[in-house]
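Go ahead and model the full structure; you've got the sequences and the hints to work with.
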Amino acid sequence: MAKNFVTTTINGDEVEFASYPGQSLLDVLRSELHMTGTKNGCGSGDCGACTVVLNGRPVNACLVLGVELDGAEIETIEGMATGTKLHPLQQKFLDHAALQCGICTPGILTMAKAFLEKNPDPTESEVRYGLAGNLCRCTGYDKIVRAVLDAAADMRADG
Amino acid sequence: MAELKYESPQTTEAAVALLAAGGPTARVFAGGTDLMVQMHEEMIEPTLLVDIKRISETRQITFEDDYVRIGAAVTGAELGEHAELKAMWPGVVEAVELIGSYQVQGRATIGGNLCNASPAADSVPALIAAAARVVIAGPGGVRDIPVEDMPVGPGRTSLAAGEFVTSLLLPKRAERAGDAYLRFIPRTEMDIAVVGVGVSVTLNPDGTCATARMALGAVAPTARLVKAASDILVGNKLDHAVLEALAEAASDACSPIDDKRGTIVFRTKVAGVLACRAAAIAWQRAEKN
Chain U
1 MAKNFVTTTI NGDEVEFASY PGQSLLDVLR SELHMTGTKN GCGSGDCGAC TVVLNGRPVN
61 ACLVLGVELD GAEIETIEGM ATGTKLHPLQ QKFLDHAALQ CGICTPGILT MAKAFLEKNP
121 DPTESEVRYG LAGNLCRCTG YDKIVRAVLD AAADMRADG
Chain F
1 MAELKYESPQ TTEAAVALLA AGGPTARVFA GGTDLMVQMH EEMIEPTLLV DIKRISETRQ
61 ITFEDDYVRI GAAVTGAELG EHAELKAMWP GVVEAVELIG SYQVQGRATI GGNLCNASPA
121 ADSVPALIAA AARVVIAGPG GVRDIPVEDM PVGPGRTSLA AGEFVTSLLL PKRAERAGDA
181 YLRFIPRTEM DIAVVGVGVS VTLNPDGTCA TARMALGAVA PTARLVKAAS DILVGNKLDH
241 AVLEALAEAA SDACSPIDDK RGTIVFRTKV AGVLACRAAA IAWQRAEKN
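Protein chains in written order, with my numbering: chain U, 1 to 159; chain F, 1 to 289.
Please note that the accuracy of each hint is not assured.
[Stated by the list, open to error] Label-pair ranges, simulated between beta-carbon atoms:
#	chain 1	residue 1	chain 2	residue 2	range
1	F	Thr208	U	Asp70	54 to 60 angstroms
2	U	Asn119	F	Thr62	45 to 51 angstroms
3	F	Gly153	U	Cys101	40 to 46 angstroms
4	F	Gly141	U	Gln91	58 to 64 angstroms
[Unchecked claim] Calculated pairs, DSS-like style, for lysine-lysine (alpha carbon to alpha carbon, straight line, at most 27 angstroms):
#	chain 1	residue 1	chain 2	residue 2
5	F	Lys288	F	Lys172
6	F	Lys227	F	Lys237
7	F	Lys172	F	Lys227
8	F	Lys172	U	Lys3
9	F	Lys237	U	Lys118
10	U	Lys118	F	Lys86
11	U	Lys3	U	Lys39
12	U	Lys118	U	Lys85
13	F	Lys288	F	Lys260
14	F	Lys53	U	Lys3
15	F	Lys227	F	Lys86
16	F	Lys172	F	Lys53
These aren't lab readings, by the way, just hints derived from the structure by calculation.
No residue lacks a Cβ here, since even glycine has one placed at the ideal position from N, Cα and C.
Okay, structure coming up:
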């Protein structure tokens, strides 16, 4: 199958990949680039497990084509920590035990980070709406919401 | 299975040529939030995807003399952030913002919501109420039609071979005008309309209705304009008798299906309730303008 060559920026690094038409960004990340932090949940934009940030906006990577991304900027879960220093959201997810099986976690962390950049001081209800596109079948969401609110408070305090 | 090809033309003419040459298995690709799902579930097997996002007209919101032009590939998130448009057509923008999650909003386009032709598409009743028109490019040139003439059945539009939607035109808001869109869903977020109602009104200086349009979604094979609403509202204030007549007209316009999301009886009843509530919101907004 004919492949197109695509040049993107992923987590700040220039990345070139070959993609066939019809191949999703999710499949490009996992199968071509071996960046398996982004998870494959439903493949139909319902669960949010594959959330990445594309040109500044959170999107479902399963609904984006690899071939359309020439010149795009992409942020994935692999870019969230700085070296071995976890992002405050990642640390709070550990502190609050806001994960069990962990499949939804990269997508939720990525969505929560994008959400807090737009709304640094959200109410609990706003966090729940903000994460409405991310399904978790283990936690019942409460610990996730508390972790996000706690991280938001710390991030505001740290300016 | 034929090999899938992908093209991203930069001009409308090039897109039309590609779509015309590609035949019935060529598909327009914009936000991908419906198309990618249909491909993933093997409901469709296109041989050509024509990505229209590199055509500048499809990605812009421009204010022209008599109308606002919204590019077909403008996303829900972009519409929601456009303060001027939101002030002018709050009901239309609210309807678009109800579609999907934040992640879907970042990709889903207003043209896609129309062309996917779901009877439950949230933006469509609001666009019909707003008297929006669809600008279509095709082998025969450019034409524009009322939004209500676009969907012809579930998943089917009136687009001819080689045609695609480049933009939508919303009239500039008149004085004392307002619009609103409400839907019923069993959850609070991330769901598909069981009933949707869009209402747009302009008022006279004395507070009576000068013009009105109401459209329903999810209660018939396509979204539909309720022509009787105009006769009921024009010349009147929104008193109890007028609201009762409006609810009855909305319910009378329904020919819904019975399914797991709502029964015929429920959808028909709720259409009337939401018609009154949407009219009241549109009215309040009109009074403030």
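Hint by hint, here is what the structure shows:
Taking 54 to 60 angstroms as the suggested C-beta distance range, the pair Thr208 of chain F and Asp70 of chain U conforms, at roughly 56 angstroms. The given range of 45 to 51 angstroms is broken by Asn119 of chain U and Thr62 of chain F, whose C-beta atoms sit roughly 29 angstroms from each other. Here the CB-CB span from Gly153 of chain F to Cys101 of chain U is close to 42 angstroms, well matched to the stated 40 to 46 angstroms. A hinted range of 58 to 64 angstroms holds for the C-beta pair Gly141 of chain F and Gln91 of chain U, which are about 59 angstroms apart.
The suggested pairing of Lys288 of chain F with Lys172 of chain F holds, with an alpha-carbon distance near 17 angstroms, which does not exceed 27 angstroms. For the hint pairing Lys227 of chain F with Lys237 of chain F, the CA-to-CA distance comes to about 18 angstroms; that is within 27 angstroms, so the pair holds. Simply put, Lys172 of chain F and Lys227 of chain F have alpha-carbon atoms about 22 angstroms apart, close enough for the 27 angstroms limit, and the pair holds. Using a Cα cut-off of 27 angstroms, the hinted pair Lys172 of chain F and Lys3 of chain U is violated, with the two alpha carbons roughly 45 angstroms apart.
For the given pair, Lys237 of chain F sits about 41 angstroms from Lys118 of chain U by alpha-carbon distance, which is inconsistent with the 27 angstroms threshold. Between Lys118 of chain U and Lys86 of chain F, the direct Cα distance comes to roughly 18 angstroms. Compliance with the 27 angstroms bound is thereby established for this hinted pair. With a CA separation close to 24 angstroms, the supplied pair Lys3 of chain U and Lys39 of chain U stays within the 27 angstroms bound. As the CA atoms of Lys118 of chain U and Lys85 of chain U are separated by approximately 23 angstroms, the hinted pair is consistent with the 27 angstroms bound.
Among the hinted pairs, Lys288 of chain F with Lys260 of chain F is inconsistent with the structure: their alpha-carbon atoms are about 40 angstroms apart, more than 27 angstroms. For a cut-off of 27 angstroms, the pair hint linking Lys53 of chain F to Lys3 of chain U stands: about 20 angstroms separates their Cα positions. As the CA atoms of Lys227 of chain F and Lys86 of chain F are separated by approximately 26 angstroms, the hinted pair is consistent with the 27 angstroms bound. With a C-alpha separation of about 25 angstroms, the suggested pairing of Lys172 of chain F with Lys53 of chain F holds against the 27 angstroms cut-off.
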